[in-house]
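Enquirer: Given only the sequences and the hints, what does the whole structure look like? Please build it.
Those protein sequences? They're chains A and B, same order as listed. With my numbering applied, the first sequence covers 56 to 207. With my numbering applied, the second sequence covers 1493 to 1943.
No wet-lab data here; the hints were simulated from the structure. Note that the structure is a prediction, hence the values are computed from the model and not measured. A hint or two may mislead.
Unchecked claim - Once the Cα atoms are required to be at most 30 Å apart in a straight line, the calculated DSS-like pairs of lysine-lysine come out as: (1) A:K163 / B:K1831; (2) B:K1794 / A:K163; (3) A:K143 / A:K166; (4) B:K1813 / A:K86; (5) B:K1889 / B:K1857; (6) A:K129 / A:K143; (7) A:K166 / B:K1859; (8) A:K141 / A:K122; (9) A:K166 / B:K1756; (10) A:K92 / A:K149; (11) A:K166 / B:K1794; (12) A:K97 / B:K1876; (13) B:K1756 / A:K129; (14) B:K1813 / A:K188; (15) B:K1876 / B:K1929; (16) B:K1831 / B:K1859; (17) B:K1859 / A:K188; (18) A:K188 / B:K1756; (19) A:K86 / B:K1777; (20) B:K1857 / A:K86; (21) A:K163 / B:K1777; (22) A:K188 / B:K1762.
Unchecked claim - Derived coverage of chain B by chain A (criterion: at least 3 residues anywhere in the stretch with Cβ under 8 Å from a Cβ of chain A; other residues may be distant): (23) 1740-1750; (24) 1771-1777.
Think of the CB as a built atom: it goes at the ideal place given N, C-alpha and C, for glycine as much as any other residue.
Spelled out from the first residue to the last, the chains are:
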Amino acid sequence: MENTTNINEVDVLMVEDSPNDAELIVRALSKLNIANKIYWVKDGEEAVDFIFRTGKYTARNENFPLKVILLDLKLPKVNGLEVLTKIKGNESTKTIPVVIVTSSQEEKDLKEAYRLGANSYIVKPIDASSFIKALSEAGLYWLAINKPPIIK
Amino acid sequence: MVLSKKISVKTLTAVLIFLVVVVFLMVSLFSYQALLRIDTDEYGMIHSYQVQSSLDMLISDLGDMETAERGYVITGQKSFLQPYAALLADADEQFRALQGSTADNAVQQQYLSEMKPLIGAKIADLQGNISLRANGGFGAAQASVSLDKGKAFTNSIKAIGANMETEETSLLQIRTNDLTQSDVMTKSIVLWGSIMGFLLALLVDYAIYKFVIGEMVRKPLLEEALKADKETEAFSYSVSHDLRAPLRAIDGFTQILVEDYGGKLDDEGKRIAEVIRASTVQMGKLIDSLLSFSRLGHAEIKEVSIAMGALADEVYKEARKISPDRNIEFVMGTLPDIKGDADMIRQVWTNLFTNAIKFTGKKEKAKIEVGSTDNGKSITYYVKDNGAGFDMQYVGKLFGVFQRLHSVEEFEGTGIGLANVKRIVERHGGTVRAEGKVGEGSTFYFTLPKK
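Expert: What follows is the structure, encoded as structure tokens:
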């Protein structure tokens, strides 16, 4: 699976190290006709670069705000909770809704994610139908129902 | 965290020991100083008494000498002069004593230096009269005595003596007060100092007990427990995260296969895809079961008083919802309250009731009975059913992990339920056992200690 989305027209940033899960998520969201608005990064470091326009993302247009970030917790290099800390600790990014999408059912992770300011926490079900259903519902909620603040 | 705690206990102990030593040292120092002061004061008081007695003696000596002189002058008999020499010597001695015992007092020394020529003059007067009587006879001596020159000297000496006594009395007063005061202070310092020292010593004792004994007993256990805990945690994490991911992919892509290429699959192909999906779901359940079993091993037991009757009733009603249409007679005996972790004990009841409902599934009229027996030290709770039962020769396998006495087709399940029951009960310090007969039913007992 390749990124075909223009980096200046991203609504959903998907931070996911498993290509299989990434594909399932895209499949779930594609039913909302937003497949071309999803951008996939495979590790925490790239996520931070994308969000803060550093590294290879310095050229990303800052006037096109993200509508939601789907964040896995177990990630190579910089883990999900560290990425979350950076997002919620910065004035310009803290209002972006962050949905944790993880396999971890550990209460410790759940509590810590909310403590750090996560807006939602979804445990990936093993059952793919439930997974796709959960993700498309979450996508619908955060992209169509939820009204985010206008970020300048 | 453990390390910093260890250091702080060590440091605390050292500081406490140091404090104890300081307190006792201070008490000793104060006591010694107080003793020295008492000694000085007492010495001073003895001096005061000595000064007073010497003054009295000196004045009385002079008076006695005068009496001797008068007696001799009147009678001319030498016998009257017999004590005179001794009195003179004594007066001299008393004067020296006065000089000695007031050596450190400038005021008294001044009085003494004023008194000395007066005494000299007084003695010279007495001496003169005695000489007159001896050489010139009664008349001349009587005339000299009648002049009463000595009286003025005596009065002056007595006046100075009185001043000296006043001085000594005030000194004595000061010394007495001082002694009383330092006595009170010393007593309280020694008393409170000792109490404080004793309390500190007790603290040290406690700290040493906690640090040394506690360390010896707990350290290896604690480290092992922490290590085991960490390993279990890492294991759980990896199980819940890594083992699930491929399963989801298997399930998800099989589904995609059916959705996107369903048209190209015949019925057998679709059935095979369904088997794959059903197996991944079963595998998922097994992972969850294993995880819950592993968590039970190290989860902290939060002990509370549990209303067993209410809990069992609630759990049964919840479990009953699995198959609401079935005909089950539920008999509830008395279940005394007990101390334990409410969430864990709830799991015990949940497992026993779902099992009872599940294994009576093939009975027309199912019967489930709960009750208890109390032997004073512990309470045994039981769940009895008239279900499928089991062969007693396999009773040892009942509570094992993933051990099943029935096929999945017969009765579904992962084989973790009773293993969880056993683990929970044993972690509460209790025991489990079971009785059964094939086709007639089984009874599961769990015994929890009273606390």
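Enquirer: Going straight from one Cα to the other, do K166 of chain A and K1756 of chain B come out at no more than 30 Å?
Expert: violated (46 Å)
Enquirer: Quick one: see if chain A covers the segment 1771-1777 of chain B, three-plus residues with Cβ-Cβ under 8 Å.
Expert: holds (count 4)
Enquirer: Need the status of pair K166 of chain A, K1859 of chain B: alpha-carbon distance at most 30 Å?
Expert: Violated - the C-alpha atoms of K1859 of chain B and K166 of chain A are around 43 Å apart, more than 30 Å.
Enquirer: Just to be careful, I want the Cα atoms of K1831 of chain B and K1859 of chain B compared with a cutoff of 30 Å; is the pair within it?
Expert: holds (28 Å)
Enquirer: Sort out whether K1777 of chain B lies within 30 Å of K86 of chain A, counting only the CA atoms.
Expert: Holds, because 29 Å separates the two Cα atoms, which is no more than 30 Å.
Enquirer: Within a Cα-Cα threshold of 30 Å, do K1813 of chain B and K86 of chain A meet the stated pairing?
Expert: Since the Cα atoms of K1813 of chain B and K86 of chain A sit roughly 36 Å apart, the hinted pair is violated (cutoff 30 Å).
Enquirer: Is K1794 of chain B close enough to K163 of chain A, meaning Cα to Cα at most 30 Å?
Expert: Cα-Cα ~18 Å, so holds.
Enquirer: Given the hint that K1876 of chain B pairs with K1929 of chain B, test it: the Cα-Cα distance must not exceed 30 Å.
Expert: At roughly 12 Å apart (the allowed maximum being 30 Å), K1929 of chain B and K1876 of chain B satisfy the hint.
Enquirer: Between K1859 of chain B and K188 of chain A, is the straight-line Cα distance small enough, at 30 Å or below?
Expert: violated (41 Å)
Enquirer: For the pair we were handed, K188 of chain A and K1756 of chain B, check the Cα-Cα distance against 30 Å.
Expert: Given that 30 Å is the threshold and the Cα spacing comes to 25 Å, the pair holds.
Enquirer: Hint check: K1813 of chain B vs K188 of chain A, CA-CA at most 30 Å. Holds or violated?
Expert: holds (26 Å)
Enquirer: CA of K1857 of chain B to CA of K86 of chain A, is that 30 Å or under?
Expert: Not satisfied, since the Cα-Cα distance of roughly 50 Å exceeds 30 Å.
When each numbered hint is compared with the structure, violations occur for hints 4, 7, 9, 12, 13, 17 and 20.
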